[in-house]
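Below, each chain spelled out in residue letters.
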Amino acid sequence: MSKIVNIQGRAVPVVGDDIDTDRIIPARYLKEITFSRMGEYPFYDERFKPDGTKKEHPFNRNEYQGASILLGNVNFGCGSSREHAPQSLVRWGIRAVVAESFAEIFAGNCVMLGTPALVASKEDVAQLQKLAAEKPGTVFTVDLQAMEVRAEGLTIKVTMPPSRRNALLEGTWDSTALLLANATTVRAKAAVLPHPSGKS
Amino acid sequence: MAKGTLYNKIWDAHAVTTLPTGQTQLFIGLHLVHEVTSPQAFDMLRERGLKVAYPDRTFATMDHIVPTKSQKRPFMDEQAELMMQAIERNTKDFSVNFFDFASGRQGVVHIIGPELGLTQPGMTIACGDSHTATHGAFGSLAFGIGTSQVRDVLATQCLCMDPMKVRRIEVNGHLKPGVTPKDVSLYLINRLGVKGGIGFAYEYAGSVFDEMTMEGRMTVCNMAIEGGARVGYCNPDETTFDYLKGKEHAPKQENWTQAVARWKAVASEKDAVYDEVVKFDAGEIEPMITWGITPGQSVGVLDSLPNPEVIADKGERETALLAYKHMQLKPGQKAESIKIDVAFIGSCTNGRISDLRAAAEIAKGRKVAPGVHAFVVPGSMKVREEAMAEGLDKIFLDAGFEWREAGCSMCLAMNPDQLKGDQISASSSNRNFIGRQGSPTGRTLLMSPAMVAAAAIAGHVADVRTLAPLGAAHV
Ligand code: SF4
Numbered sequence: 242m243s244k245i246v247n248i249q250g251r252a253v254p255v256v257g258d259d260i261d262t263d264r265i266i267p268a269r270y271l272k273e274i275t276f277s278r279m280g281e282y283p284f285y286d287e288r289f290k291p292d293g294t295k296k297e298h299p300f301n302r303n304e305y306q307g308a309s310i311l312l313g314n315v316n317f318g319c320g321s322s323r324e325h326a327p328q329s330l331v332r333w334g335i336r337a338v339v340a341e342s343f344a345e346i347f348a349g350n351c352v353m354l355g356t357p358a359l360v361a362s363k364e365d366v367a368q369l370q371k372l373a374a375e376k377p378g379t380v381f382t383v384d385l386q387a388m389e390v391r392a393e394g395l396t397i398k399v400t401m402p403p404s405r406r407n408a409l410l411e412g413t414w415d416s417t418a419l420l421l422a423n424a425t426t427v428r429a430k431a432a433v434l435p436h437p438s439g440k441s
Numbered sequence: 184m185a186k187g188t189l190y191n192k193i194w195d196a197h198a199v200t201t202l203p204t205g206q207t208q209l210f211i212g213l214h215l216v217h218e219v220t221s222p223q224a225f226d227m228l229r230e231r232g233l234k235v236a237y238p239d240r241t242f243a244t245m246d247h248i249v250p251t252k253s254q255k256r257p258f259m260d261e262q263a264e265l266m267m268q269a270i271e272r273n274t275k276d277f278s279v280n281f282f283d284f285a286s287g288r289q290g291v292v293h294i295i296g297p298e299l300g301l302t303q304p305g306m307t308i309a310c311g312d313s314h315t316a317t318h319g320a321f322g323s324l325a326f327g328i329g330t331s332q333v334r335d336v337l338a339t340q341c342l343c344m345d346p347m348k349v350r351r352i353e354v355n356g357h358l359k360p361g362v363t364p365k366d367v368s369l370y371l372i373n374r375l376g377v378k379g380g381i382g383f384a385y386e387y388a389g390s391v392f393d394e395m396t397m398e399g400r401m402t403v404c405n406m407a408i409e410g411g412a413r414v415g416y417c418n419p420d421e422t423t424f425d426y427l428k429g430k431e432h433a434p435k436q437e438n439w440t441q442a443v444a445r446w447k448a449v450a451s452e453k454d455a456v457y458d459e460v461v462k463f464d465a466g467e468i469e470p471m472i473t474w475g476i477t478p479g480q481s482v483g484v485l486d487s488l489p490n491p492e493v494i495a496d497k498g499e500r501e502t503a504l505l506a507y508k509h510m511q512l513k514p515g516q517k518a519e520s521i522k523i524d525v526a527f528i529g530s531c532t533n534g535r536i537s538d539l540r541a542a543a544e545i546a547k548g549r550k551v552a553p554g555v556h557a558f559v560v561p562g563s564m565k566v567r568e569e570a571m572a573e574g575l576d577k578i579f580l581d582a583g584f585e586w587r588e589a590g591c592s593m594c595l596a597m598n599p600d601q602l603k604g605d606q607i608s609a610s611s612s613n614r615n616f617i618g619r620q621g622s623p624t625g626r627t628l629l630m631s632p633a634m635v636a637a638a639a640i641a642g643h644v645a646d647v648r649t650l651a652p653l654g655a656a657h658v
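Top line first, the protein sequences correspond to chains A and B. Residue 256 in this note's numbering sits at position 15 of the first sequence; the count goes up by one each step and never skips. Residue 250 in this note's numbering sits at position 67 of the second sequence; the count goes up by one each step and never skips.
Be aware that one or more of the hints could be misleading.
For lysine-lysine, the following DSBU-like pairs were computed, each having C-alpha atoms within a straight-line distance of at most 35 angstroms [as the list claims (entries may be wrong)]:
1) K398(A) <-> K296(A)
2) K430(A) <-> K192(B)
3) K275(B) <-> K430(A)
4) K428(B) <-> K371(A)
5) K508(B) <-> K363(A)
6) K296(A) <-> K603(B)
7) K435(B) <-> K430(A)
8) K430(A) <-> K348(B)
9) K522(B) <-> K296(A)
10) K430(A) <-> K577(B)
11) K275(B) <-> K435(B)
12) K577(B) <-> K272(A)
13) K371(A) <-> K508(B)
14) K275(B) <-> K428(B)
15) K522(B) <-> K371(A)
16) K508(B) <-> K255(B)
17) K435(B) <-> K290(A)
No lab work stands behind these hints, which were simulated from the structure alone.
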């Protein structure tokens, strides 16, 4: 699996606190049994009117097409655990999300897809969002080694849980193989733990 | 770091090893599966040539997408029918236990786990659904996971996890008449904030929880996630054991005695150390409603809606302004002045038998207000059966409510039960996010099931305490 060390690209600001996963991907798109088309739907109801005409939304603006870094605010990705939310962002082109804070499940889901979810201070996020809004062409660098985001002379510190960072840097973010390696220990554990069949 | 808590004990008992990333490999005792977040995970197993490692610890049902008016197959909605076929195929191909309609045990995944006795104290429980915390009511460690993690649990019965901090939330004193577990839940989210629980497991304790029924504890644990906490739990006690005794999958005979001893030992120690302790007074809690677009934006039913201009935090103020715009409500307006179009009783928060009883008590002998579309959706086939045996269906039908089949229904917008246009609902579910109930401009007021019934009858938000049960003597 690939190691995720640096992400470079333009950044799209999605301003607002408590942007929940129902807003990122409305539930009706969860009816599809594969993730393959999720890239068409992020923020769908905020981007399109019921008749299909476009609304004002950063994901609709020409200058942010092809952006790879999403800049959010507080409690980004709260609500439903649906992986469809990060899947839709990643399949749209997002490779890293930087925000003031994340809902737990969302941040974990991002990393499972090889996409860092990085936390920065309120002031720093405001600076990044301002830069991305005023100069949408700016190329940002997310550096997981230095734990920094850099752009146009701006350098800000970001954080993420060390274990998740390691998983990305080492290329072990797809965890199934890691877990499978200990199957024998797992069997021993299972034998001594309670079972839902009611047998003690 | 917390020490001696139920959280620590279950975590330690289920830790398999420390992974090279520094995360813990955690064994999952019970894996619950539903139709929406699992098909991609089963496909990932197929792609990698993997099997389900512990099919006897894996239980599936369908709840999100199923229609509740008629569950005749094939479903009218082609996509729903395809999803149904996928879960049928996947559970068959991978030999996973499946509670479908024919089993008589189908229902919302968080309702059937407890009612079948699968959910037991001391377990780790995972499900591709954020309301998995519900099962914490039994003193288990239960959390929602994403689809790639569903794949991990299917393939290995384990997850890569980082430990959480533990916050003990004590609510002491006694709840006032008419105040329900749902109100406790909304109150706590209001006070601690929708992101207050990020990074925490919530331990609910104090006399209010000691006195609360299992169904009430489930309602509160269910909404831990709305306060940002991925895990919420109550320590197991006699109330827990009484509930479990005799349930289909609960331990029997000599196994029962052993199990109870083990369950008692898993509770937090008296001298347990917590990362944080917060205390609330039960007497402060009123029947609550949400007025906004996050479950934290709530007021007591007799209050007026708050003034957003006085909110110090800029982000919160902006969310409040957006909420007023979306909800078409005004600061200062009385909560009771909000008219409703739709009344929904159901969901994994409040679709259990006690919820239906509480709502029926209010509905009995009364009529739904003209113009209000009111319906009741039992959380499972078993809840439905039990309610019908008690005649609750008849009470609801006489009052002008529809009586439906089991499913998630209008809690979310994946089945035909949806708001239209900017309709506003009184809903016993758990989320009032923009678009949650199916229409991008639809609006949701969260409240207890009895309050939903009261709103259905009044045609607007109403204080349930002013509606004494009619003919209560005959219930
Ligand atoms: S009832 Fe609602 S919250 Fe519960 S599992 Fe179904 S959709 Fe999710």
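Hints and how they fare:
1. K398(A) <-> K296(A): 34 angstroms, holds
2. K430(A) <-> K192(B): 15 angstroms, holds
3. K275(B) <-> K430(A): Holds, at about 27 angstroms.
4. K428(B) <-> K371(A): 59 angstroms, violated
5. K508(B) <-> K363(A): Holds: K508(B) and K363(A) sit about 25 angstroms apart, inside 35 angstroms.
6. K296(A) <-> K603(B): At roughly 20 angstroms apart (the allowed maximum being 35 angstroms), K603(B) and K296(A) satisfy the hint.
7. K435(B) <-> K430(A): The given pair, whose Cα atoms are some 23 angstroms apart, holds under the 35 angstroms limit.
8. K430(A) <-> K348(B): With a Cα-Cα distance of about 24 angstroms, the restraint between K430(A) and K348(B) holds, given a limit of 35 angstroms.
9. K522(B) <-> K296(A): Answer holds: K522(B) to K296(A) is near 29 angstroms, not above 35 angstroms.
10. K430(A) <-> K577(B): 50 angstroms, violated
11. K275(B) <-> K435(B): Between K275(B) and K435(B) the Cα gap is close to 28 angstroms, so the pair holds against 35 angstroms.
12. K577(B) <-> K272(A): With Cα atoms ~34 angstroms apart, K577(B) and K272(A) stay inside 35 angstroms; holds.
13. K371(A) <-> K508(B): 25 angstroms, holds
14. K275(B) <-> K428(B): Holds. K275(B) to K428(B) sits at ~30 angstroms (cutoff 35 angstroms).
15. K522(B) <-> K371(A): 41 angstroms, violated
16. K508(B) <-> K255(B): 40 angstroms, violated
17. K435(B) <-> K290(A): Outside the cut-off at roughly 57 angstroms; violated.
Taken one by one, the earlier hints fail for this structure at numbers 4, 10, 15, 16, 17, listed in ascending order.
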